[in-house]
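K.L.:
What follows is the residue order along each chain.
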Amino acid sequence: MNIFGIKLPSMSSLILWGILWEIVGRLKLTFFLPPLSEVFSTLMQIGTTKVFLKALTETGYAFFAGTFIAIAVGIPVGILMGKSRLIDELLLPWVNMFLSAPLTALVPVMMVLFGFGMKAIVLTTTLFAIWIIVLNSRAGVMHINRSLVEMAHSFGASPMDAFSKVYFWAALPEILSGVRIGFIRAVKGVIIGQLLISIVGFGALFELYSGQFLMKHFWAVLLVLFGISFTIAEFLAHLQRKVAYYATQR
Amino acid sequence: MSNNTCDISNDNYAVTVRNVYKSYGDVKALKDLSLDFPRGQLTSLLGPSGCGKTTLLKIIAGLLPADSGEITVNGHPVTGPGPDRAFVFQDFALLPWATVLRNVAFGLELRGVSKSEREAIAEKYIADVGLCGFENSHPHELSGGMRQRVGLARALSVDAQVMLLDEPFAAVDEQTRRKFQEDLLNLVKHENKTFIFVTHSIEEAVYVSDQVAILLPRPSRVSEIIKPEGFRHKDADSIRRDPEYLDIVDRIWSSLRTYVE
Chain A
66 MNIFGIKLPS MSSLILWGIL WEIVGRLKLT FFLPPLSEVF STLMQIGTTK
116 VFLKALTETG YAFFAGTFIA IAVGIPVGIL MGKSRLIDEL LLPWVNMFLS
166 APLTALVPVM MVLFGFGMKA IVLTTTLFAI WIIVLNSRAG VMHINRSLVE
216 MAHSFGASPM DAFSKVYFWA ALPEILSGVR IGFIRAVKGV IIGQLLISIV
266 GFGALFELYS GQFLMKHFWA VLLVLFGISF TIAEFLAHLQ RKVAYYATQR
Chain B
830 MSNNTCDISN DNYAVTVRNV YKSYGDVKAL KDLSLDFPRG QLTSLLGPSG
880 CGKTTLLKII AGLLPADSGE ITVNGHPVTG PGPDRAFVFQ DFALLPWATV
930 LRNVAFGLEL RGVSKSEREA IAEKYIADVG LCGFENSHPH ELSGGMRQRV
980 GLARALSVDA QVMLLDEPFA AVDEQTRRKF QEDLLNLVKH ENKTFIFVTH
1030 SIEEAVYVSD QVAILLPRPS RVSEIIKPEG FRHKDADSIR RDPEYLDIVD
1080 RIWSSLRTYV E
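As they're listed, the protein sequences go chains A and B.
The first sequence runs 66 to 315 under our numbering.
The second sequence runs 830 to 1090 under our numbering.
Any given hint could turn out to be false.
Claimed, not checked - Here are the simulated lysine-lysine pairs, BS3-like style, with alpha carbons at most 27 Å apart:
| no. | chain 1 | residue 1 | chain 2 | residue 2 |
| --- | --- | --- | --- | --- |
| 1 | B | 1018 | B | 953 |
| 2 | A | 307 | A | 148 |
| 3 | B | 1008 | B | 944 |
| 4 | B | 860 | B | 887 |
| 5 | A | 148 | B | 887 |
| 6 | B | 887 | B | 1063 |
| 7 | B | 887 | A | 230 |
| 8 | A | 230 | B | 944 |
| 9 | B | 1022 | B | 1056 |
| 10 | B | 1018 | A | 230 |
| 11 | B | 860 | B | 1056 |
| 12 | A | 307 | B | 944 |
Source of the hints: derived by calculation from the structure; they are not laboratory data.
Make the full structure from the sequences, and use the hints.
P.N.:
Below, the structure is given as structure tokens:
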């Protein structure tokens, strides 16, 4: 964005919102919103405590384990669906159903199936992330230029080579955008899992701070969470831009 | 110029097509089609759209199965794609994420040739098609004509005896196209390969071909085989002014015009 001919860095509107937050906080309109500066100083205090670091590791572990499974299973399944009519017919209704279903309602089922521990939280994270990854990988493969497929075939590509040297790369822009949205959904999944299944990690901190009306602490943890998910999403968007040069002409 | 096809022994044909049928559902793409392709020469498949010329080329490539009939390449029946044939695609079919060097070497890569060896071969053909200095460019940085040179270099680098070209110059501009046609003539002269060339341009077919097979639709068949011989020895520039060249172009047009809506 340009203002008076000066190019502002992206996200600079956040500064404006931060100032507004600070003003509203200082006016003491509601206990719910302490000034942003106090939230940051609280963050500095709790950021190094054992409780916080433990919560961060637990959440990070569940998040990355969950998204890892979602990617490792979701991409191959999506590519198979894109390549095989039969598998597609079998799985597509389920994928579409889970994609639009209110997954929070399924969390109790995860508890029954996988217990009250980390396993259920990890799999809840996977449950939130995987469907969009499957669907985007499928769409990516389905839109591969027919001549690229014929080219691989005519030069005698083995199925494995065609998969790893042509199909995967040709579908990569769509796959990456699926992974990006999947990660954003996984943040939701991991917190909901930690709130509903067993009270650990950031979920436990949210529960603790909001229950005791420690709003500065509550906001501090929330800012960290926003920061992390924003960074991951931006990193993936960056990767996506790296392949964008060929996304338009495959 | 003659229409006789059959007084030469089978060894002189790199590719033979016998009684091939192919339908897409109710649509008959090819009906009892037979055609021979002389070794070391360029044969064009010429005809209006819908006459099944690309279908025939893809059947020879092994990319499409024929419903019935027999296709042989060097005496071996075709059951699928093979190292004896290389395909040049109308829309180039390059890997957009790979450099020119990797694209040209890709056919060899799929055949398991080592990296250093295949890159040495690829570099030779990149130079041959006039793309020296573009080895590390990506396809999106090249013009349409240059992209097709990459496609051509890829097909040449696998050293197949039979080159299958599916309207390779259809997506490039007219000037580039003319240059391509001249280059193709040189290629046929110097590479000892058999070329099968699909085109819908009469001038192009007559200009580059040793033999033009005219395919007609409804039902699809070979209606005529023309061998422009009189001006083959002439240089590239004077062919387009040669009276025989102009006569053949006219003759083909008069037999095709009834099929153009």
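K.L.:
When you check the alpha-carbon spacing of residue 1008(B) and residue 944(B), does it fall within 27 Å?
P.N.:
violated, 32 Å
K.L.:
Would the hint linking residue 887(B) and residue 1063(B) be met if the CA-CA limit is 27 Å?
P.N.:
violated, 32 Å
K.L.:
For residue 230(A) and residue 944(B), compute the direct alpha-carbon distance and say whether it is at most 27 Å.
P.N.:
holds, 15 Å
K.L.:
Would the pair residue 148(A) and residue 887(B) pass a check requiring their Cα atoms to be no farther apart than 27 Å?
P.N.:
This hinted pair holds, its Cα atoms lying about 21 Å apart.
K.L.:
Would you mind confirming whether the straight-line C-alpha gap from residue 860(B) to residue 1056(B) stays at or under 27 Å?
P.N.:
holds, 23 Å
K.L.:
Is residue 860(B) close enough to residue 887(B), meaning Cα to Cα at most 27 Å?
P.N.:
Holds - the C-alpha atoms of residue 887(B) and residue 860(B) are around 15 Å apart, at most 27 Å.
K.L.:
Tell me if the straight-line CA distance from residue 1022(B) to residue 1056(B) falls inside 27 Å.
P.N.:
holds, 18 Å
K.L.:
Please work out if residue 887(B) and residue 230(A) have their alpha carbons no farther apart than 27 Å.
P.N.:
holds, 23 Å
K.L.:
Given the hint that residue 1018(B) pairs with residue 953(B), test it: the Cα-Cα distance must not exceed 27 Å.
P.N.:
Roughly 18 Å separates the two Cα atoms, so the pair holds.
K.L.:
Are residue 307(A) and residue 944(B) close enough, with their CA atoms no more than 27 Å apart?
P.N.:
Given pair residue 307(A), residue 944(B) holds - Cα atoms ~25 Å apart, limit 27 Å.
K.L.:
Taking only the CA atoms, is the gap from residue 307(A) to residue 148(A) under or equal to 27 Å?
P.N.:
holds, 25 Å
K.L.:
Decide if the proposed pair is consistent with the structure: residue 1018(B) and residue 230(A), CA atoms, cutoff 27 Å inclusive.
P.N.:
violated, 35 Å
Hints 3, 6, 10 from the list above are not met by this structure, while the remaining hints are.
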